[in-house]
Amino acid sequence: MHIVYPAVVSALLFSIGVYGVLARRNTILVLMSVELMLNAVNLNLVAFDVWLRDRLHAGQVLTLFVIVIAAAEVGLGLAIILALYRNRRTVDLDRLRLLAETPAPTGSTSVPGAVSPPSSGPGEGP
Amino acid sequence: MTDAPSYLSPTGQEIVFLLLGAVAVGAALLVVTTRQLVHAALWLVVTFGALAGCYLVLTAEFVAWVQVLIYVGAIVVLLLFGIMLTRAPIGRSADLDSGNRPAAALVALATAAVLVTVVVDGFRTAYAPLRAGGGSAGEIGSSVFRNWVLPFEALSVLLLAALIGAIVLSRTDIRGRG
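Quick mapping for you: the protein sequence lines, in order, are chains A and B.
Quick note on UniProt numbering: the first sequence kicks off at 1 and runs consecutively.
Quick note on UniProt numbering: the second sequence kicks off at 1 and runs consecutively.
None of these hints come from the bench; they were simulated from the model.
We treat Cβ as the ideally placed atom computed from N, Cα and C, and that holds for glycine.
Don't take every hint at face value.
[Claimed, not checked] Some residues of chain B that are not near chain A, with every Cβ distance over 10 Å (derived): (1) ILE90; (2) GLY91; (3) ARG92.
[Said to hold, decoys possible] If you want the footprint, here are the derived chain A segments under chain B, 3+ residues with CB under 8 Å: (4) 32-43; (5) 74-85; (6) 88-99.
The whole structure should be built from the sequences, with the hints applied where relevant.
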């Protein structure tokens, strides 16, 4: 097996992931693109483990670790997305532009956003 | 490493790998370009399955089965749950791409050009004869529990922390102290 083949496949997958992260608007699609990039790295790790014939099997073990970390990342990312959806009623990245709370002109304490949050949202505090 | 055979006479393994790689890249392209959210998740299954086949060809059997179990079995299902829970439109929706699509395509093409050029230039002569058994469950298991025990245990603590974090983030009746 020429090592160029897996390396080129992985480079193409990584570039597709980059395109998805930059071009997609829905947050879940962005998460999927991140998964594509992680998989590209995994393919590289396995291919180079086979090439270098590592006695510790560092490449394949690291691939397993990356898969586990990807699972944890997707779980946390989806929890964050769901919390976001509860508060803003949208998961579109274009409409989530606020990094800070803008000073409310009328003294109202509502969270600024595209749509006003439901009254039981967790972001309001007691 | 050993002398590399010519590129003009590919072995059967290489042909299978290239076909699987083409399937993976094509399905990944559909993931990032399709207009339907659920279809994106399903094409992701195809990509991960083809990548598991690639791992099998590369003699990494255990990694391939873990890929099928965790990626296809768990992560895609989790993503589908996320799609359903955010009440995403099931049918065709026009606004899945943001406004910076041309810039994203430019950046992605530049990344692909640079990476493929460098990789082809750097590993043109690299050749690894495939031998079965290097990635079997026994080999990987003994490697994990002999040489990689500490990262393995740290990873289990990380998974526990991620689990608790996800529970805390998604429950609405847990408030901060402020």
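Hints, verified against the model:
{"no.": "1", "hint": "ILE90", "in the structure": "13 Å, holds"}
{"no.": "2", "hint": "GLY91", "in the structure": "14 Å, holds"}
{"no.": "3", "hint": "ARG92", "in the structure": "13 Å, holds"}
{"no.": "4", "hint": "32-43", "in the structure": "holds (count 7)"}
{"no.": "5", "hint": "74-85", "in the structure": "holds (count 10)"}
{"no.": "6", "hint": "88-99", "in the structure": "holds (count 4)"}
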